[in-house]
Structures are given as C-alpha cells and as structure tokens.
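Chains as they are written, first to last, in the numbering used here: chain A, 548 to 976; chain B, 1265 to 1726.
Hints listed in this document are in silico derivations from the structure and should not be mistaken for laboratory results. Backbone N, C-alpha and C define an ideal beta-carbon position, used for all residues, glycine too. It is possible that some hints are incorrect.
To be verified - Label pairs and their computed distance ranges (CB to CB):
1. A/590 <-> B/1330: 39 to 45 angstroms
2. B/1309 <-> A/565: 46 to 52 angstroms
3. B/1700 <-> A/740: 31 to 37 angstroms
4. A/910 <-> B/1330: 52 to 58 angstroms
5. A/636 <-> B/1309: 38 to 44 angstroms
6. A/740 <-> B/1538: 42 to 48 angstroms
7. A/570 <-> B/1292: 48 to 54 angstroms
8. B/1292 <-> A/632: 16 to 22 angstroms
Unchecked claim - Simulated coverage check for chain B against chain A, where a stretch passes if three residues somewhere in it have a Cβ under 8 angstroms from a Cβ of chain A:
9. 1283–1291
10. 1402–1412
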Amino acid sequence: MNAPLPKSLWRMFQRSRVGRSIFRVGLPESNLERSQAMVSSFLLHIQPAKVNKHSLKPGYTLGLGLISLYLFFILIGTGTLLMFYYVPSTERAYDTMKDLQFVVSAGLLLRNMHRWSAHLMVLFVMLHLCRVFYTGAYKPPREFNWVIGVVLFLLTLGLSFTGYLLPWDQLAFWAITVGTSIAGYAPIIGPKVKYLLLGGNIVGQEALTRFYALHVIVLPAVAGLMLSVHLWRVRKDGGLSRPGEAEDTVERIPLEALPQNKSYGLMELARGTTPQVGKNPEDEVFSWPHLVFREMILFLIVAAVVLFLAIFWNAPLEQFANPIHPPNPAKAPWYFLGLQELVSYSAFWGGVVVPGLLVTALMLLPYFDRKRVGVGEWFARERWAAISVFTVCLVAAIIFTIIGTLFRGPNWGWVEPWKTEQPPALEEH
Amino acid sequence: MDTGSVRKFYGWFTVLGLLVGGLVVLGYYKDEYREWRQYQLKFIAEETRRATTPEQKALAAAIPVGVRQIVLPDLHRVDRCTTCHLAVEDPSYGGYPQPLAYHPLHDQHPFEKFGCTICHGGQGRATTLADAHGYVAHWDQPMLPLRYIQASCAKCHEAADNPSAPELALGQQVFEQAGCRGCHKLGGVGGIFGPELDKVGTRRSADWLKKHFLTPAAVTAGSGMPPQKLSEPDLEAVTLFMLSQTGESAPGYYASMRVIPSADEGQQLFQQKGCIGCHSVGGQGGKIGPALDDVGLRRAPSWMMQHFRDPQSVTPGSVMPKFGFTESEARALTEFLVHLKERKVASTLPSLISPIDRGHGTYVKYGCTGCHGPDGRGGVPNPNSKTAELVPDLIHVADGFTKDELKARITNGQREIPSLDPKRPPPPLYMPPWGSTIPEAEIDDLAAYLISLKPKGENLGF
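With the rest of the complex left out, here is chain A (with noise of 0.2 angstroms):
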C-alpha cells in the first residue's frame, strides 16, 4: 500500500537528522510505538497511552470540555495580539478599536473571533458542567475536580466580564456598571466588593486599569493553572467517567497496611482508580491515533467556526462611553441578565441570595449526592430526585435570561420581541 503524499513527506523530514533530534518515535508504527509516541512527547503525554472506547463516543462529552479548552486557546492567541495595538485608557481605548477596525491588518477579525470564542466559552463551559451533572460524572472520586470545574466556570464569567469594559464603549460601560451595581448589594462586603473592583465608586479609569490588569494577566493565569490542575486530576480521578467503573476499580490496600521495610515502586503507590492498563483489554485501544486525531479534528470544527462567525458578524461597538446618558435600559452582558431580572424584583434576594445560594449548591453538590450509581450513563433513572431538581434550576435560570435578553425594554418594562416598536425618542428635559 502505497502511504499518501503528505505521510511519506513527513516520514522524510522524521528520519532526517533534525527530525530525529526533535521526534523520539515519530509516525507510530506498531502498538509499542504507538504507546512510546505519547508517553515520550511533550504535548501528548498529559494524555493516557490507552483509552476507553466509552470515552471516546461522541454522544458522552459532546467534546464540550474539550471545545472550552480550544476555545480558551483562541482566546489567548488573538489576545495577545490584541494587546499589541490596545491601551487601556479612557482617552484611547476607544480609539484604539476604532483603528483596529479601520487600519490594523485583520484587528477586525481577531476582535471578533475574540469576542465570539468569549461568548461561545461562556456557553460551552455552561454546557460541559451541565454534561458533567447529568452523567453523574461528579461522584466520587471526583468530587474535587467538580469543584474546580465550577470554579473554574466562575473563573470564565470573570474573564468575559472584564474583558467586557475593556472597548469603552456605551455597551462596555453600562454593562459593566449594572454588573457591579449588582455585586454591590451584597450586605456589608458588597460596597467593599464593588469599590475594590472600580477603584473607585463609577465605573472610571481606575475601573479600566483594574479590569484590564485582572482580564489579561490575573484571571488568564488563575485559570491556566486550575486548568492544569482539572486536566491532570482527570487522569488522576481514573479518566473520564464510564459505566460500571467502580467495579473496575482496584481496592486501594492502604498505605499503612502494606509492609513498611520494603522499598515501593511509583505505580504500587498510585491511587486505585488510576485505569487498569489490561484489565479489560478489549475495552480500551490506542490513543495515537484514536484519541489524538478525534481531538485534532475536534479543533478544526472549532476554528471553522469561529472563524466563519468572525468573518461574517462584526463584534458590536457603540458609541463612546457616555456617563451621564445611560441606555434605556442598561443591560448587563447576556450571561447576568437572568441575574439582573432577579434584581428587579428584589436586590438583595436577587442579587446576593440566590446566586450565593446557587454557587454554594454547585459546590457542595458531589459531597452530599456521592452515591456511585448511575456514573458514565445519561439521565440514570436511579438518580431522577437530583436531575430533577438540577433541571428545575437550569430551566428557571434559562427562563429569566431569556426575559432578561428579550422580554425587557425602556424602564426594565415587560416589552414583547416580536412587536417592532418605535424607540422612544431621546428626552432633554
């Protein structure tokens, strides 16, 4: 069988001396390298040698975790070259979108795919915590890396959030002054809380430096490393969650049980859910290529589509940041509208109760539902009580986003989509 063009290419520059200097096992050709190539490369071996077939079905994850992952990728690259043309001050950052629209090589194109991959993380990482919870995937032993999957969620909110004031715009700016108008009704700490956000009491250019330093050095960062730290627990945890893995799992014999004059070997020490490597041979096959190619071609989906909604869709701009004429109404970004519709009924239960009580649920969820049935598997039915009531809250919060988003007009006034109705002129008085 003849190997096509691009593979006896590659095999060319891989046996040259340069190839060799960089690829220890280059293109695997049998099953030992196929296993060498991911141990011994860089980039692969944060990835199992072996994989469990129920992990790579696409109607499990959806590959929403992933997608996040390549989406937070976007989001640094086009970033950072945006940073290269922005200033984060109140005179010129307006400016600088402007001329990044009007004269930077493709700074359009990289403000939207920037402003699309954000909004798309926004949602995707939305949609990865929602698979996690109706997989049972959060159960022990990995009750942990939901919580840091939920923060890192909140990590995500955070990066949207203050990249959001960061055009100057009107949208940027009120959008960000009813964001933190709302952290600023928490009882006691709230005004502390909104104060040390602003640097100041209105949104100003002490807001902007802030904003600008947490959006593009603090949170990037803090999520990088909770990242790290989600992906290796992954692996740590036993892999991705599948049905009848508890029984899978080798009782752990304890540490202080073991003989304690003998000298130990790395994998005797290992937590017994790390994956059984020939327990259930014809479960698992090789992660080059089975793995490792899905995931690649899983990142073209991703980059198709953000760039074709870059290409098509500019990413909004409005006037120039105005204080003293707000929009009617000043909207927060969609992901705290179903929020600030709560705040309009009451501040304090709105804004602070029932977030805080939300947040605090998610947390605790693994620690209080830790029952091991039903993991790996869609809607189990023995786990109906939890997904019920998971399912109420995720719908309630759809609900109010949407009323938020469409249903509010002039006044936080109940407006209906569907009716073009004539904007009300501008009043001077």
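Given the coordinates of chain A, assemble chain B onto it according to the supplied hints.
The following block gives chain B in isolation, referenced to the frame of chain A:
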C-alpha cells in the same frame, strides 16, 4: 490496527483542513481588499491617463497604495478622509466627481493642520464610505450637510466676525432677537424652562431642529415651547446657528489663528473687554489710562502689538493688566486703534448710551422677548393663566410697580401664576428668578427701560 477507521480520519482531516484554509483565505481577502483600494486605483489610473512623458507615467505608477491619514493630536483627531479623497490639494482636479474632487480653501485652512472632520464632521478614523461619512448606527456625528457648513466656522470664529459666514451671523441675530434665551441657556446665560443649548449641535439634526422651531410638540411630546413664526431664511439661519453649538473649541495653534483681524473685530473687542473703563475716546470714558483719540499718530503698530502682549514691557510701571490677547486679537485691536480717528466710535460705545437704551439691550439679550414679546408687547400663550391665557404685556408695568418693586420681581421671579380655572392644569410658564443670571446693574437698566415703555401722555386722559 484497524486501518479502515484511520482512513476515515484522513478524510475528515482533508475536508476540515480545506474548510479552515478556505475560511482563512476568505478572511484575508476581506481584510486586504478594502473599499478604499478601488478609489486609490481609480486615482492612479487617472494620474496615469494624464501622464504624457514616460517619467510622469513612472511617477503615477509609483503612487503607493495604502491608508493615508492626517494626525491631529491637538484636535484629538485622526482623519483618514484623504485615503479616498486623494486630490483635495490638487486644483487640476477641480470639478471632478467625488471622491477625487479638489477642495478649495487650502490657503486659509491648510488640511495638514486642520484635517477634515473639524469642519465637515463624520468619522475621521473610518475608512469605509458609510462609516467615514458617519451615517451608521452608533456614530453620533454624521457629516454636516454642505448646506450648513458655515456652522463649523463657529468652532473657532465669532459668528459676527467671519465675513465668509453671513448666514451664521444672521442665525445668531435671529437667535438673540427671537427671545430664545428667555427659556434656554446658551453659554450660561438664559432662562430655565427649556434645555440648555450649549451642545445642541451634537445632539440634533437639521431636520429635527427645523421641525422643532415650527411645531415643537411634533418632535418633543408635551413641549411647552411656543411655535416660532420664522421666515424661511431666518429658519435656515437659526437652524445653522444651533448646529454650530457643539461645545467644541480648538486649542493652541488654532486659537491663535481664530480671529480674522479687522478694525470691526477690534472695535468689538474694545467694547467687550471694557477698555473704556480706563481709557477715553471722544472725551467719554475713564481717566486712569491715557485718552486714545490720537494714539494712532503717537504709537507705531508694532509698539501697540507689544503693548497688548505685555504692557509693562514697553511702559514700565503701567497699571494696565495683561489681558492675554491672542496674536490675532492684538492685531485686530491695533487695526482698530490705528483707524480710530476716522471711525467716530464714541457714539456707539456701550457706556455712553442711556440706561433706557441699555435696558432695551438687556431685554433682548436675556430673551425676555421669548415670553413678553418684542418691546414688551406680550402675546405668548400661557394656557389657563388669569391674564387672558397669555403672558402679560409689560407696556403698563409703570402703573402697578415702583422701580424697586419691579427690580425685586425680576430678581426673585414669580413661581405661582394664578389659574383661570382651578380644575385645569396650572399655567406652564412662570416668571423665573433672574437675580443669579442678570447682573444688578443690568437689572437696574432693565427696570428703567420697562418703566419707560408706558406711552407718553397716557396719564393725561384721566
């Protein structure tokens, strides 16, 4: 190894790789072939067509294609209009269709110093037709229609001082005489019923303004402003004057250039700055400084210029303050003083006229006309007021008020206007307190003027 399933991957890689590659090419194409490129190519083609010698043809072909911009840090602008309007400085392009037309006035307002948007509006940083001309969502300053371009002169020039902007001057005159200030503040002077007009030009379009003057309630629901009866030229002019109110002024270099130095301008400055307080002309005025009647014979223009810049530098020990005149203001004043002899200015200087005449000026200046009518003849509707549902005329105030009572009324206003029918809403217009706006001396003049309105000899009839 199951080669079939690996084959399947290569198919996916090919399809998706081509898709991503195609999108990257499409993104590059959209980014690279921007709208302005076609105009630049058109310009180069025209230059090539005109070229007769091979050298000229080579020059035309070597015109670089790229964004052109005028960076104006003092004006907080970057104007990229010349990216498409490539021939604005080349008179041989006079009469060409846009975007290649020649733009006159380069001598007075060199484009490399002024850019384009300071006069024409629009979005200087933009490089597409729709965005640059500003007729897009989220851009509040679209291009000023050429019909109203004189409005931009007011960013630097006094309305009355620019002979090239007669309509602007007319507009200001209409504004001052129609009594707009009775309700609206402009430059901090005026009434409190209507909104301030300092930046109205950035908020309102010409069409809106015209509708607003003729039928205010049609564009602002519930507006209490009375419809204005304006002739067509006056309507256009006052609209233009409103458009000129942008609150924007040009600093630094532009400020020093803004006065068109002339003896007329000089006379106006002479009156505004209160020179007559210390100096006398025609025997009228202060005695602190020397009389100025023959100063043009005694002093050289260069001496006067230096004197305006820094009086002590040419007259040590002089008590005249440094007024901080700009160069062109100093030139205008010098021009005025040199020609003082032939101008007979004494009779037109403000401190030399009677309190009643000054009071009339005050009456017009603060827009009393807006409610009480020209010369106090009344007539503006004030629904449900006891005075025949009109703002009362002022012809007979002398019968009901002493001068001091009148001054108190002007100073303190009258908030409650008696209603004709208590069931209907109270009258919308009332007398605002003017004490904080009009200086006391002017209120005194105003009272004198109002008392003088009573027709002479009327009492004899009783």
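Q: Return the numbers of the hints above that this structure violates; sort them in rising order.
A: The structure conflicts with hints 3, 6 and 7, although it agrees with all the remaining ones.
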